[in-house]
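**Student:** One-letter residues, chain by chain:
Protein chains: 2
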Amino acid sequence: MRTMRVGILGCGHVGGALLGLLDTGRAEIAERSGVDLEVVRVGVRDLARSRSVGGEASTPARRTPSGVKSREEEGARWHQRSSYPDSRFTDDLFSIAEDDEVDIVVELIGGLKPARELILAALCRGKPVVTANKELLARSGRELEESSRHSGRSLLFEAAVAGAIPLVRALGESLVGDSVRRVIGIVNGTTNFILTQMAEQGLSYEAALSLAIGLGYAEQEPSADVEGYDAAAKAAILAGLAFNADVTVDDVYREGIVAVTNDDIALAQRLGYEVKLLAVIEREARPGVVGPEKDSPRLSVRARVHPAMVSRVHPLAGVRGQFNAVFIESDAAGELMLYGQGAGGLPTASAVLGDVIDAAHSLTTKSSARPVFRRTVEFLPIEELRTEYCVYIDVLDQPGVLGAVATIFGEHGVSIRWMEQFDLSGEARLVFLTHIARESDLRATLADLEALAVVERVGQVLRVHGQGES
Amino acid sequence: MRTMRVGILGCGHVGGALLGLLDTGRAEIAERSGVDLEVVRVGVRDLARSRSVGGEASTPARRTPSGVKSREEEGARWHQRSSYPDSRFTDDLFSIAEDDEVDIVVELIGGLKPARELILAALCRGKPVVTANKELLARSGRELEESSRHSGRSLLFEAAVAGAIPLVRALGESLVGDSVRRVIGIVNGTTNFILTQMAEQGLSYEAALSLAIGLGYAEQEPSADVEGYDAAAKAAILAGLAFNADVTVDDVYREGIVAVTNDDIALAQRLGYEVKLLAVIEREARPGVVGPEKDSPRLSVRARVHPAMVSRVHPLAGVRGQFNAVFIESDAAGELMLYGQGAGGLPTASAVLGDVIDAAHSLTTKSSARPVFRRTVEFLPIEELRTEYCVYIDVLDQPGVLGAVATIFGEHGVSIRWMEQFDLSGEARLVFLTHIARESDLRATLADLEALAVVERVGQVLRVHGQGES
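If you're matching them up, the sequences are chains A and B in order.
Under this note's numbering, read the first sequence as residues 1 to 470, first letter to last.
Under this note's numbering, read the second sequence as residues 1 to 470, first letter to last.
One or more hints might be untrue.
Copies of the same chain look alike in the list, so a pair counts if it works inside one copy or between any two.
[As the list claims (entries may be wrong)] Okay, derived cross-link-like pairs now, SDA-like style, lysine to any residue, Cα gap no bigger than 25 Å in a straight line:
(1) K113 to D246
(2) K113 to S147
(3) K366 to T3
(4) K113 to F94
(5) K366 to V39
(6) K366 to G152
(7) K113 to P85
(8) K113 to R125
(9) K113 to E219
(10) K366 to D99
(11) K366 to G172
(12) K113 to S140
No wet-lab data here; the hints were simulated from the structure.
Using the sequences and the hints, build the whole thing.
**Tutor:** Below is the structure:
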């Protein structure tokens, strides 16, 4: 059995966990996978920092949905406490990417720069690269793929989208002959934790965010999560995989959860829904084209991230806390859902390790990288989305107001499926669930409503997925 | 782009659906995957039979859990109605397996004979083989794998365990560097449909089975499903993948659902559980060994299929109807669940197609088959299982009976966690939930109870998974 020499760039939560898994599990991994993996070099930015290897730094104690102690928590126990950093550590990152003694490069430093240059340098030297860098893939995925194709070496990124959930293999291999219609994901654990705390414990958004920061689930500067940037990057990668499309994060419509209130959640629950931050990518169903698009020159795709009301009978509604799940609808396979830990040091390291073993096999079997094919697609703007909406409007409590409001809905062709009026002090809150309507029509409706003298406030708009129980 | 010539053995539900996908989707598949797949030969047992190609014969109209029309159902619409059989059809199956004009062989005839000989013949001729034959893999997997290794050609079987659910890639690739502790699956859609109908519609077992037969979800002779043989074969394959163990169906403990009554289900629901037929494979946790087994000579594994009470808060409890799901617990990745359609022509054909594309890539990139490593494992008998149990006993309604019964539990060291007594006419039903106990002790307890004069009947024993809400 030939030893494959691994160089790891970055030794944070994920890198440290991976190093622990490889150092302590080497014999077991070799026995199971047939490849002997030795970490020969570890690149860090600051050699002076002490290292916590084995995953525990990344893993605040947590309880899983089934109430048992997290495997991650227990798993951390069996990693040796070694003295890191050791002689393998260096702060010269490029020396690892270009080292002839390194067979496989793992990029876990994150961010755009110098991660991009490091990956390109490693591929250029004929080394397969494993990365979990969603931000970079969502910006420069096409360039990195071309470099991979040019070098004939794999660029693997199972860990970049949903941590331990084997989503990249599912979309890129299992379903590559099928025709995916839509992928709906809860792909950001931080926001799902916050929304779950708001829904189940009644915490305010601010209190839930503070709790998430305290538990280490959110950053002190949380905008990447709560504004939806992280989910949008993942949506771009998912769209690329599902539709073989060239998608960047700029092609993704994005709203975060900062405007979601406890009132919104309570109302949703009353109607049989949960509020979730969804990443949705979908192929547009065009009239007359129900099968594969072989006769159409282009594929029409929409990618969007926003809070939504998810029917309680939909499997995604039950995904709680920091867990992730991705629901896939495809022509032949039907409905699939993959659920698991979308972040955390050890879960993400597990996915990286699966890719490292893949890369090692590609070297031992001398197989070139599996080619990736990209198609030109048309991106559909959010304004052309057709879905159901839930919206509320606070109005002066006067006779005739509902008539005026309903008239405006009607003028824009937005049909109301359900309406309820709640008394506020001196005002009334009108809550509407619409039938399927076009986003541009709904927006025009809301603009006209805001101009109405009796309308005090137009509330958060929530797009609706699935049937409620109302 | 080189054309890869595919030979399909078997044109039933799955084979017909695959033929439809490949015939109508050829251009789309080539565009997405970069391989041009042409079905050049189709082997059937009876050439005279007319063929229904495209998946519709296998797909009774169904509603999915989220209430939308099944993709399978809709997908069937866009397949061309061609006149099958055509000139590619033959009833000489071996001529396909041995045909030099066939690059990839897909075995979908099922059963042991002649499937085994056909697969061996194809591998021997240097052709990669894709199969969905769980029965054969659970009997002769080792032999087929060795033939694959010897020929250097892939033997792929994603569709054999859970239809469209990408479980084989998850366990065999994504998690191959991780250490799987336990896999719990609902892997038989027929029995899950029956149990769901019993639980939700109050149908008797017999009525639910009749409905399943009428809808095409169960065979007229349903024992492979309802006696747990199908699930046991899948458990053997899962155990092989999860633990790199050499497992056959004979190593799997098996109980079916024929003894499950509406009373059992109602009782379980009252306690916060759903009754499911589970396939459970697990590594035994031995004291002192919490990490990878690098110092232990053997791995201790148990594989079992039986009805069980699943806590309503566990994600598996919500898997309804003919859907399948597999819950994986592993050291680093933590908890994962994969959910989808475990059977049906089109979903299974989708998984087969993913493997066919994999096989085509292995031919174009000239890569040899990814090797599979097997370890010697020790199989733990069901008698050594330690879990919680729910059992009920119908007794004569006399004073002192509970004391006598409880004494027998105590004599065998089976500790009672909860007990409730229900009045029957002239009798009483005592329902017990135990703390964790050893199966052999529970069995000894029940044997002694049966010998007791006041005991009229010992009911179905249900093993308990997870915490209920009682």
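**Student:** Against this structure, judge whether each hint is valid.
**Tutor:** Now the hints, each set against the structure:
no.: 1; hint: K113 to D246; in the structure: within (21 Å within a copy, 47 Å between copies)
no.: 2; hint: K113 to S147; in the structure: within (17 Å within a copy, 48 Å between copies)
no.: 3; hint: K366 to T3; in the structure: both (15 Å within a copy, 22 Å between copies)
no.: 4; hint: K113 to F94; in the structure: within (12 Å within a copy, 57 Å between copies)
no.: 5; hint: K366 to V39; in the structure: within (21 Å within a copy, 28 Å between copies)
no.: 6; hint: K366 to G152; in the structure: both (10 Å within a copy, 13 Å between copies)
no.: 7; hint: K113 to P85; in the structure: within (24 Å within a copy, 58 Å between copies)
no.: 8; hint: K113 to R125; in the structure: within (19 Å within a copy, 50 Å between copies)
no.: 9; hint: K113 to E219; in the structure: within (20 Å within a copy, 59 Å between copies)
no.: 10; hint: K366 to D99; in the structure: within (20 Å within a copy, 27 Å between copies)
no.: 11; hint: K366 to G172; in the structure: both (21 Å within a copy, 20 Å between copies)
no.: 12; hint: K113 to S140; in the structure: within (11 Å within a copy, 51 Å between copies)
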